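Chemist: Protein chains in written order, with full-length UniProt numbering: chain X, 1 to 337; chain Y, 1 to 337; chain W, 1 to 337.
The set of hints was computed from the structure by calculation and includes no laboratory data.
On a predicted model such as this, the values are computed, not experimentally measured, just so you know.
A virtual CB, placed ideally from N, CA and C, is assigned to each residue, including glycine.
Certain hints may be false.
From the structure, some residues in chain W lie toward chain X, with a derived Cβ separation under 8 Å [what the hints assert, rightly or not]:
#	residue
1	Thr61
2	Leu89
3	Asp106
4	Ala115
5	Gly168
6	Met324
Far from chain W by the CB rule (all over 12 Å, computed), these chain X residues [what the hints assert, rightly or not]:
#	residue
7	Asn90
8	Glu112
9	Arg169
10	Gly172
11	Ala208
12	Thr209
13	Tyr224
14	Gln298
15	Gln304
16	Met324
17	Gly333
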Amino acid sequence: MTANDPSSTSLQLTADGQLRHFLTLDGLNRALLTEILDTADSFIEVGERSIKKVPLLRGRTVVNLFFESSTRTRSTFELAAKRLSADVLNLDINTSATSKGESLSDTLLNLEAMASDMFVVRHSQSGAPHFIAESVTPGVAIINAGDGRHAHPTQAMLDMLTIRQHKGRFEGLKVAIVGDVLHSRVARSQIRALNELGAVEVRVIAPATLLPRDVESLGCTVEYDMARGMKDLDVVIMLRLQKERMEGALLPSEREFYRLYGLNREKLALANPECIVMHPGPINRGVEIESAVADGPQSVILNQVTNGIAIRMAVMSMAMGGQMAERSRRQEGRAQA
Amino acid sequence: MTANDPSSTSLQLTADGQLRHFLTLDGLNRALLTEILDTADSFIEVGERSIKKVPLLRGRTVVNLFFESSTRTRSTFELAAKRLSADVLNLDINTSATSKGESLSDTLLNLEAMASDMFVVRHSQSGAPHFIAESVTPGVAIINAGDGRHAHPTQAMLDMLTIRQHKGRFEGLKVAIVGDVLHSRVARSQIRALNELGAVEVRVIAPATLLPRDVESLGCTVEYDMARGMKDLDVVIMLRLQKERMEGALLPSEREFYRLYGLNREKLALANPECIVMHPGPINRGVEIESAVADGPQSVILNQVTNGIAIRMAVMSMAMGGQMAERSRRQEGRAQA
Amino acid sequence: MTANDPSSTSLQLTADGQLRHFLTLDGLNRALLTEILDTADSFIEVGERSIKKVPLLRGRTVVNLFFESSTRTRSTFELAAKRLSADVLNLDINTSATSKGESLSDTLLNLEAMASDMFVVRHSQSGAPHFIAESVTPGVAIINAGDGRHAHPTQAMLDMLTIRQHKGRFEGLKVAIVGDVLHSRVARSQIRALNELGAVEVRVIAPATLLPRDVESLGCTVEYDMARGMKDLDVVIMLRLQKERMEGALLPSEREFYRLYGLNREKLALANPECIVMHPGPINRGVEIESAVADGPQSVILNQVTNGIAIRMAVMSMAMGGQMAERSRRQEGRAQA
């Protein structure tokens with residue numbers, strides 16, 4: 001899928017350009033990305049109240065459809081949905097109906113027939129949420145909670161929200177993404193978003209064995225040497241070393257990786273003094289990042305977690321809003337016909 | 001248990017004839033079955049709203065007590081309870097307290113003492129929900145979500161609702177149930193309901209090896225040849241081939257079964273042109289039913305799923321209503337004494 | 001930890017002496033224990049309503065953080081939280097993020113960053129809830145749902161509530177705790193509470209192999225012979241034989257234990273005629289207690305379960321209240337500075 005694949009654009013946007021699914025950042029323009037960030041900002045305040053509830057999805061049924069288990073991601077979507085007042089159904093599909101030999105497509109048709117309003121989908125195969133969005137009944141919103149190596153767009157957006165909170169803008173920023181870009185779900189989405197929102201440079205820092213072949217075509221510069229890569233940075237985003245996804249011997253050793261690409265105080269000192277440090281979690285302390293950096297004054301790692309709930313509330317409520325607007329149009333269309 | 005076992009009648013009905021448990025269709029007369037269908041009809045509309053909530057069970061505690069796991073059935077009961085505004089507790093008893101050596105009876109007493117209002121029970125042994133209903137504290141409603149080979153009464157009622165929606169009546173209808181009647185939880189309940197509601201003929205179509213010995217005593221005719229069996233049908237209900245329950249070699253092969261009893265377009269063409277096609281799901285495509293039929297214009301399989309939520313909302317709210325009426329009478333009785 | 005460890009006192013109480021965590025009964029004075037019982041009494045009535053809800057924790061996020069699974073305990077906390085109108089997230093940590101190599105401390109920081117208001121913690125290691133309470137962000141309340149052999153303070157408090165309901169007072173009561181005190185989470189908490197509330201004698205009855213070395217220093221008398229121990233009792237609390245925790249051959253046999261320390265009708269007849277019988281459940285019938293006693297007129301075992309929900313509602317709402325009061329003070333402090 002290219003950076004502006006028109007099919008995914010028309011799939012996830014209504015004719016008016018409103019979000020109706022949230023599958024990928026591809027094809028979302030600066031205005032829409034900014035609308036997501038602004039909506040999330042309004043939900044940050046909800047998380048600080050003692051009554052952390054808004055009625056936007058009251059009486060709606062949100063199904064967490066996890067074909068690949070991830071307690072952390074599922075918990076954030078579950079909390080986001082509950083704070084929007086939705087009813088939540090958690091389905092771990094590995095252990096469920098498919099064991100009776102039912103196809104994915106039949107499972108989905110059944111869940112739709114139960115009057116579900118939204119599926120939050122996590123799948124180990126790239127494109128699964130797109131496939132579901134293409135086949136789903138009109139009115140049901142699909143949210144991508146991570147698919148294969150392809151995308152993890154709510155993670156990328158919570159990173160953008162965190163950058164905007166701390167830097168106040170994207171224009172002129174120099175941002176680096178460090179580490180296992182090859183196996184990362186989120187790096188592509190981050191590069192796309194940073195470019196669209198106006199960062200002046202997105203730099204990827206990694207050994208050649210952990211970079212995809214087409215990496216420069218994603219809209220970034222490449223740096224193999226971390227010391228050089230840290231220069232002038234405003235934001236450094238560390239990636240998690242996806243040990244469980246490494247298929248062969250792409251790395252000499254964890255220790256060697258840490259020596260070359262792990263973020264410690266010495267390397268961080270090479271960046272701008274206000275450079276913020278981000279990481280999607282869970283952290284491998286001493287593998288990608290030194291504890292003194294992860295817990296240090298430049299780290300905004302826990303802000304990312306807090307922002308994750310707000311971003312999920314934002315895309316869920318916006319997609320539901322888009323679905324409702326489209327439904328009204330369909331009903332008007334039928335009334336006039 | 002015979003078709004009109006007086007003990008189960010008095011167990012599941014109040015002195016006034018209201019539902020207080022929902023265990024079996026045995027002993028429920030046409031008026032009560034029709035009341036369930038009418039109540040469910042009113043909940044169909046709730047499922048179409050954006051706010052799919054009614055406050056009928058607000059503040060009530062519903063415990064899904066699944067001694068045999070079934071994600072699909074549990075999900076429909078969970079959604080039904082949440083749309084009635086109940087609090088839901090899911091307990092998978094295989095992995096729970098009984099592993100500490102506690103008896104079923106002690107587990108139940110404990111759950112009752114937690115002020116539960118309703119148990120939705122699924123068990124691999126026939127009669128388990130009856131047993132629980134006999135021993136439970138007054139005020140707690142038991143809903144049968146499938147017990148052994150005995151009954152699956154909410155499934156049978158959602159089938160009745162689907163037939164009434166599409167045919168407008170039961171009088172004069174010819175209905176066939178096709179396939180593995182021997183291992184089916186639902187066939188007995190379906191036959192009972194169809195007879196009570198006025199169907200002119202209930203036909204069972206299956207090889208002799210997949211029929212119980214007493215099948216005709218259930219109130220149906222028997223046909224071994226599917227071509228003959230399809231004649232003049234208004235409704236054909238396919239059963240799932242319960243492969244996991246087959247204990248021996250009751251079938252020559254799946255392919256042979258499909259050739260003889262699988263529903264394809266050719267066989268369906270032998271029925272009335274408006275004949276509807278039903279299946280409880282999950283579908284074994286190419287084993288009991290051809291995809292072109294399952295997805296075709298005569299199929300109402302997904303309507304069954306939608307109706308499943310409405311039927312479950314209906315029996316849950318009616319049983320709770322019966323329990324409350326009985327409680328009021330008990331309190332009045334004590335006040336007068 | 002000694003009976004009045006000042007560090008745990010200051011950890012779980014605000015400067016004004018309000019509860020802000022609920023970790024142990026150590027350091028809680030009679031006034032505060034009585035306040036918990038009185039608050040629970042007011043929730044007993046909530047459990048008897050048809051709408052079993054109060055809005056005290058509406059919009060709050062309660063995380064059940066179970067490092068050691070216990071369906072029974074988790075269910076009571078889940079119901080208590082839902083009846084207080086909280087949103088509940090159940091996390092079984094054995095099967096979750098820690099499998100990705102994340103430290104406990106990082107998991108907690110992440111959950112706090114999701115704007116959780118309360119962690120209900122169960123852990124196989126003594127002191128884990130204290131450790132968490134020491135490191136948690138201000139504003140988040142920790143409730144101990146059982147840690148190692150150390151404490152299970154909500155269980156002890158539901159026992160106190162049950163005694164007060166049936167005896168009307170603690171002053172002058174003679175109470176025995178019988179059985180496996182060595183492996184019991186709750187015996188220490190019970191002894192502490194009974195002494196603080198004014199019981200005249202707390203007696204421990206067990207073989208020497210099932211008693212901790214320092215048992216008398218806990219504030220109890222010791223009796224090895226059950227017949228002598230039953231004399232003049234107002235309350236007898238049987239402990240569960242923690243078979244799964246016995247590491248060596250501390251007992252000759254279950255049968256021998258039952259003969260010597262099992263509570264049967266003969267032994268119970270040696271106590272006061274109004275002596276009540278308690279057990280934390282799940283019961284090992286015929287191991288610690290005869291069925292005729294467990295189900296007999298002096299048994300209040302099921303009242304304990306009902307009271308368990310009310311006690312959990314009480315400590316959750318009181319700790320949340322303490323956190324909010326403290327938060328207000330912090331904000332005032334900042335406003336004045």
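Chemist: Using 8 Å as the Cβ threshold, decide whether W:Met324 counts as touching chain X.
Modeler: 7 Å, holds
Chemist: Would X:Gln298 pass as off the interface with chain W, using Cβ distances and a cut of 12 Å?
Modeler: 17 Å, holds
Chemist: Would the non-interface assignment of X:Gly333 survive a Cβ cutoff of 12 Å against chain W?
Modeler: 38 Å, holds
Chemist: Does the claim that X:Ala208 lies outside the interface with chain W hold up, using a Cβ gap greater than 12 Å?
Modeler: Holds, because the least Cβ-Cβ distance between X:Ala208 and chain W comes to about 26 Å, which exceeds 12 Å.
Chemist: Grab the minimum beta-carbon distance between X:Tyr224 and chain W and tell me whether it stays above 12 Å.
Modeler: 27 Å, holds
Chemist: Please verify that the nearest CB of chain W lies beyond 12 Å from X:Glu112's CB.
Modeler: The claim holds: X:Glu112 sits with its nearest Cβ about 26 Å from chain W, beyond 12 Å.
Chemist: Is the nearest Cβ of chain W still more than 12 Å from the Cβ of X:Arg169?
Modeler: Non-interface label stands for X:Arg169: nearest chain W Cβ at 24 Å, farther than 12 Å.
Chemist: Checking a non-interface call: every C-beta of chain W should be farther than 12 Å from the C-beta of X:Met324. Is that right?
Modeler: Holds: least Cβ distance 24 Å, greater than 12 Å.
Chemist: Quick check on W:Gly168 please, does its C-beta sit within 8 Å of some C-beta on chain X?
Modeler: Check failed: Cβ of W:Gly168 comes no nearer than 37 Å to chain X, outside 8 Å.
Chemist: Hint check: is the beta carbon of W:Asp106 less than 8 Å from a beta carbon of chain X?
Modeler: 6 Å, holds
Chemist: Over 12 Å from every CB of chain W: does X:Gln304 meet that, or does the non-interface label fail?
Modeler: 8 Å, violated
Chemist: May I ask you to check that X:Thr209 keeps its beta-carbon over 12 Å from the closest beta-carbon of chain W?
Modeler: X:Thr209 clear of chain W: closest Cβ-Cβ about 22 Å, beyond 12 Å.
Hints 5, 7, 15 from the earlier list are contradicted by this structure; the remaining hints agree with it.
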